[in-house]
Every structure is written in C-alpha cells, then in structure tokens.
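*Asks:* One-letter residues, chain by chain:
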Amino acid sequence: MMERKLKIISNIMATAVLAMFLWWAQTNLGAYHTQILNLIAVNIILALSLNLIYGFTGMFSLGHAGFMAIGAYTCSILIMTPAQKEMLFILQKAYPWVQEAGAPFVVAVVAGGLIAALVGLVVGAPLLRLGDDYLGIATLGFAEIIRVLANNIPRITNGALGFKGIPGYANIWWNFGWCLFALYFIVRIVNSNFGNTLMAIRDDEPAAKAMGINIFRYKLLSFTIGSFFAGIGGALLASLVSTIDPKMFLFTLTFNVLMIVVCGGLGSLTGSVLASIAITILLEWLRFVENPIFIGDFELKGIPGMRMVVFSLALLFIILFRREGLMGMREFRWEWLLGLFRKRGEVK
Amino acid sequence: MSWAMFVQHLLNGLTLGSLYALIAIGYTMIYGILRLINFAHSEIFMLGAYSVFWGVTLIHLPWPIAVTLGILAVAALGVLVDRVAYRPLRDAPRSSALISAIGVSFFLQNLAIVVFSAIPREVYRPTWLETVILVGDVRVLPLTLLVPVLSFLLMLGLIYIVYKTKAGLGMRAISKDIETSYTMGVPVNRIIALTFGIGSALAAASGIMWALRYPQLQPIMGIIPGFKAFIAAVVGGIGSIQGAVIGGLGLGLVEIMAVATFPELAGYRDALAFVLLIGILLIKPTGLMGVKLEDKL
Amino acid sequence: MKPEVILETRKLTMRFGGLTAVDDFNAKIYKGSIVGLIGPNGAGKTTCFNMISGFYAPSDGRVLFKGADITGTPPHEVCRAGVARTFQNIRLFGNGTVLQNVMVGCHVRQKTSWWQTVLYLPSNLKEEKAIAEKSRGLLKVFGLEHLAGEKAKSLPYGAQRRLEIARALATEPQFLLLDEPAAGMNPQETNELMGFIRDIREQFKLTILLIEHDMKVVMGVCEHMWVLDYGETIAEGPPESIKANPKVIEAYLGEEAIADA
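Residue numbers (this note's numbering), protein chains in the order written: chain U, 175 to 522; chain R, 51 to 347; chain H, 4 to 264.
Extracted from the complex, chain U is given alone in its bound form (with noise of 0.2 Å):
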C-alpha cells in the first residue's frame, strides 16, 4: 500500500534527519548542552513507559522510582570493573557475585532492563487486582519497599553511601538509540488492537471483560513492558549522572515522570515526547533560580526548592485548567504534514 511505504520512509527520514541532529550536537555542543540532550533522551524512555501503564493501560501507578532503582544498579554491578568495586565496598565487602559480575554495557542496560521487568510481573501480579488510588499507593509503597531495602543489603547496593564513578558509556548515541527503540516499541503496541484492547480496559473494565479480554493478563502485560523501560531507563541514567544512592530514587523521582506525562497528555505519546523535551530543558534552566547570580559586585542569593515550587504550581495549573494536557489524546501524524503540503495544490 502506498501509504505504508510513504510513512515508512518519513519515519527512516526523520531518524536520519535527528541522526545528522545527534552527530552535529556531539562535534558543536558543550558537555553541559549534551548532558541536556542525554536527559532528554532518557526522560522521554520513562514517560514513555509511564504513559503506556497509566495513560493508555489507566492503572495509576507510582513505582517508577523503584523500577529505575532496580535498573540502574543492575546495570552499575555489570558495568563497573572489580578494582572499582573493591575500593567502593569499604564498609562490608559485596558478596564474590557481585565483585565477579560484569557484562558489555548493552548487555547490562538490558539485564536492568530485564529485571525490572521480572519484578514488574512478581509484583503486578497480585497488586494490579486494585484499582484506581489504592494501587497508586501500593505501588509507592513498592517503590519505598525497594529503597529501604538498597539502604539495607550493604553486600549487595554499598548501603547508603552507594556507588560512585560509574562509567560514563551512555553517550549520545546509546541514549538515542534506546530511545528510538522504546518509541518503537511502544508506538507499534499502542497502535495495534492490543494497544485497542488496552484503551479498552482504561476505559471500561466490565465491558472489555464482556468482549472477551482477560483484563488481567493484560494489564500485567503493560505494566510489565513498563516496567521493563522504566528499568532500562534508570540503567541509563546511573551511566549518565555517574552516582547512584537510595535517596536518588525517592517519590520525587517519579512525580517529575509523572508530571511530564500529566503535561503532556495522558494517552498521547507525541505528548510525552514533547514533554520531555520542554519539561528538561525547563528544569536545567530553572537550576539558575537555585543558584547565586552575580550582577557586578551585587549578589542575588539563590533560592533551594524554587525549582520544585515553580514545578508543582505548573502541574497544578495545567490539571486544574487544561486537564488534558498538551496534546489531549491527539497523537502527530505524517498525514497532517502531508496534508499541509497536499492542500496547497489541492481544490476541492
């Protein structure tokens, strides 16, 4: 079909296009700008994971933290070498699998990813049964149980202190890379009839169970795959800010994702996308607020916390007055750019 083939190859150009995008940005941009760039990538992999469990599967959930957590230090034991973790273990030695285990970095952000995903089904599996707030709250306490429990297997996670100098692999490309893969992923689900079957169970529970689908089975489906790219994102983001400890995935971890996703809109991935550039950038910029700004000899003392104030007051304006956020449930399409051009030649 025509059509097919004219999306496939908008789809391959658009990725060549952000291929020449990536390779300039790597010769021309600064570290900080690239670092930018590289939260970008990982922030649109966990809305985009957020999004297909809450927006298009409706199961509110608040364990992302817990899965990045479970992600990002699978993928720190692989990729740190065994002199590293000797010098980090100073308070009790890691267990000899632990100090032995190491793996290439595409192997490892998969095992995060991966693993994640186990503990997505072992837990699902009985909390999906509730509905609406009560496993919001069930899954936040997930994600604490998880946190506690880094503080708590020294051997395993170095306790508090956690790991520090964890090797930068995740580059640009990597970042992209994976990105482009969930985008793909998730795209071809949600555009499916499972990804109907899934809009279907958000929608109405008793008359997706009356057309046959065995809700269950499904939301464990989604929440699984979510868990798998919220695992492979926290890989990720441990090789990207170098150090990782429990406090780094506290609630706040998953609000931030949770309020790209509110932005952008629930049930739309374009949405989430555009979120996540706009909401990083944002958030790096806002940093200014946070620190001393010197106007000649006069200094502006930096406000801590504005950062979050400034953060929560958006979400809250955009779920008071624009509840669909950006992008409602629209999703881009090619045929939009196509029928710009088409209607210029075009009368009808």
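Straight-line C-alpha distance at most 30 Å; calculated DSS-like pairs for lysine-lysine:
| hint | chain 1 | residue 1 | chain 2 | residue 2 |
| --- | --- | --- | --- | --- |
| 1 | U | 181 | H | 129 |
| 2 | U | 179 | H | 132 |
| 3 | H | 137 | U | 181 |
| 4 | H | 114 | U | 181 |
| 5 | U | 179 | H | 114 |
| 6 | H | 154 | H | 114 |
| 7 | H | 154 | U | 181 |
| 8 | U | 179 | H | 129 |
| 9 | U | 179 | H | 137 |
| 10 | H | 208 | H | 129 |
| 11 | U | 179 | H | 154 |
| 12 | H | 69 | H | 14 |
| 13 | R | 334 | R | 226 |
Read the hints as simulated data drawn from the structure, not as lab findings.
With chain U fixed as given, assemble chains R and H onto it according to the hints.
*Replies:* Frame of chain U; chains R and H shown alone:
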C-alpha cells in the same frame, strides 16, 4: 525484655500510635467523603509544627496562644487547599484530583524549603517537659503520657462532632452518597470545607506534639508520618474514624515493638508499614473495618 | 427434527447477603430463537444476565452452554465460548473511535500476538488489516460506517446502542444477550430496532435473549418469554399465553395493560 522495658516500649508505642491516629483521622474523613487521598495532609502536619515554633521563638508568643493560632492558621490552609485545588475537580476523573493532591503536597513542601530552608532545626522545649518521671523502674518523659491523653481528648471531641451535631450528620450523609446529599439540601461544600478544617487541625495538633516528642523541624518531616498514617487509615478501613484510631495505635505499637524485639530489623522500620499495607490490601482490600462497595453493572 | 437446546439454566439462584435476587430460574433456549426475559424494574433480570455471562458466580444452580457447564466461568472465557452481551446503561470505550470499539470485539478471535506486532511480522500485519476490514463491514451493517473515525462517546444515543450491538457481534457469538436494547427509544425507533434484531439473527445465525421491562415492546419479536417478579419466575410461555396469564397481569402489568388489551 524486662518488665519495665516492656512497659516503656508500650508507652512509646502508644505515643507514636496516637500521633499516627490523629493524622489518620484526617485522611480517613476526607477519603470517606471525597474518595481522595489528600497527599497534602502530611504537609499540613509539617506546617502545623513550624507555625507554632515560629510563633514561640520568633514572635515570642506564649505557648497556649501560639498553639491556638497555629492550629487555626493551618486549619484555614487545609480549607484553602480544598477550595483551590480539589473543589474544581469534583466532577473530574478521580486520578486528576489525586494528581492535584500530589502537586499541592510538593508545592507546600518546597515552599517550606524556600521559606524555612531545608536545614533541620532544633525545637526548644519547655523545661518541665524534659524532666524524667520515675514510676518504679519505668522512666517516662511527661510527653509520653501527655500525648496519648491529649490525643484521646481530641478524638472524643471529634466523635462528638461527627455523631452528635448537625454538621456531623451532614458529613455522614455525604460520605454515604454525595449526589443525594446535594438534592436533600445538605450544604455539601460547606461541610466538606469543615471536614478539611477539622482534619487539618488534628494533623496540626499531631505535628506540634510530634515536634515536641522528636525535637526537630524540617520541611520533609511530614512525608514519612503522613504515609504511615495513611496506611494506618487503610489498615483500619478507610472511611471509618474508629478504624483510623485503631490502625494508628496498632501501627505505632507494632513498629516500636518490632524494632525492640528484633533490633537488627531497625533499618527496615520504614518499610514495615508498606509491607503491612500491601499485605492488608491483598488479603482484605477494604481494610479491617471497611465496607465493600459493590460495582454496579 | 427436534431443535437443539443452545443454552440452559438449571435452578439458577443468586443471593446477596439475605436478599435473594433471583430464585430458581430454569430456562431452555432453542438454537435460532429470539426469546425474552421480562419483568418490572428490580425483578432480577440483569442479575440473570450477569450470571449467564460470568460476571456473577451464582449462589446455586448451573448454566449450560451447548451442553457444557459454564457456571462461574470468568466473563472473558464465556465470551470466547460464544456468548456476547450488551449492557443496560451503554458501556462503550468512550475515548476510542467507533472503529476501534468494534476492533476490540474482534480481538478475542485474533490469532497473532502483541510481540508479533512489535516484530512487524507480515502475518500480524495481514491479520490486523483483515480485522479492520471486518470491523468496517460490521459498521456498514449497522449503518455506522460514516462515523468510523469519531470518538465513541461523541455519538448520539441511538448510534451508541447500535455500536454496542455491533461490538458484541464482532466477538463472533452464537448467543447474544441484549440488556434493554430499546431503553430510551420512542415507539417508532423501538419498532425499527426489533425488526433489525430479527435481521441480524438471520444474518449472523444467532440465538438472542433480550431483557425488557416494557412487555409490549417484545411481544412482537419474542417467540418465548420468561416473566420475573422479585426474583421468582411467575410465568413462562409464548407471548399469547403470557398476555393472558392473570398472574402476570396482576403482578406486573397492572391496570394499564388490562385497559390496553
């Protein structure tokens, strides 16, 4: 464990438990009426503590006045939060209101960081609260006795309001069926505001006593007690005031006793409540004293 | 040739706490027939539906579909076995398009799985396309094809009712349960609907059980009916005998029906 130690742990558990219970009541009342987890409740608790100690140390107000003003101010804040962030979302999907609640919670918490700074502050305690009382072999701080007694009195007052006054009747009507309450002429919004006021006042009272008992103030001090109190409310059966009290006391006792019996588990103390929560939800999703609401087809 | 029994209930009973919503409901439904379950509001009709379609596990009694015991089977398996239903208060997937709603119905018969979608396998692409075609075909039968791209919740009431039936048919049922399909319709629309129900029975080789509380509506279309009152079956038989049954007239139809007769 010696007898004296046991009594001491029991008293500590009771103190902690009654503080949880006071917060849990606010959660349970608001959930009972609006089916909303008021995440901002833990920040109300925190601001209650801050307001009083600011009154005492900065403006040099006498204790009783500072406490009264602090509780009133925070109660007003609770009402304001409902008016601004929840009331416009009454007809929206439930998760919208929940996200709004999370937003308010983060907003207040970070506003407190901006205003008070994130650095923990010592709490100045009147000296008579510091003198240890010896009863036989049991050493108790006056607060350990005072907190449960004060909490008990506050709960009695609350139960009087809910079961003996017209406003209380309204609350119970709304929690049964909000739609019908509207048509029956119950001033729904006023009653909801009152519920937020009462719930917030109790949380503030708990915050003040918490700060006296564990003498430190910081903007994030509400998070953990808030979560635990919510869990206590769920365990007791959300929507039931008696349930919240029982759940709160139970959780406080279990926490203190578990750590006293198995000191090696101390690091897991904060996870205990969540494990309990998930366990209870899985076994009996409506909590110990809750009622099941049938899904209508 | 004796017609084959497609669905049978034996002593079906549902108790909620102390309240008996349905008591000892026995029915044999023959293949290819259109039958009705009538009774005043709160008589237990929807409860019967919920037990047959697997939403409630009956307190007592059995449901047999094509001779197999399906009592207490979860709804999605009942649907897979070939029993589809609609709901009294229309339950569409409101944010999905009209086409998506029907496609969801097709899912239960879909062979390829989600991971084949991700791998972009030709078998999956082909099946997805076939499902879309089939769904469009169904929409055409129901006169909804021009609305395929609209959000389901934006449809007018009558169209929503029809969409719900189309969606149920997408699951390829042999037995269709319709819960008050004519609710909220005027007499003319109701007449058209009943004609339409007869048509789809022929076209899709269905057996149909429908609920109505207004008995006049179903008199013309049903070949056999059961009358429930407070959970008890007070009468059973062809429309003529129901119409004449004094018990039915007394308990349910009241003076209005006598005046009309």
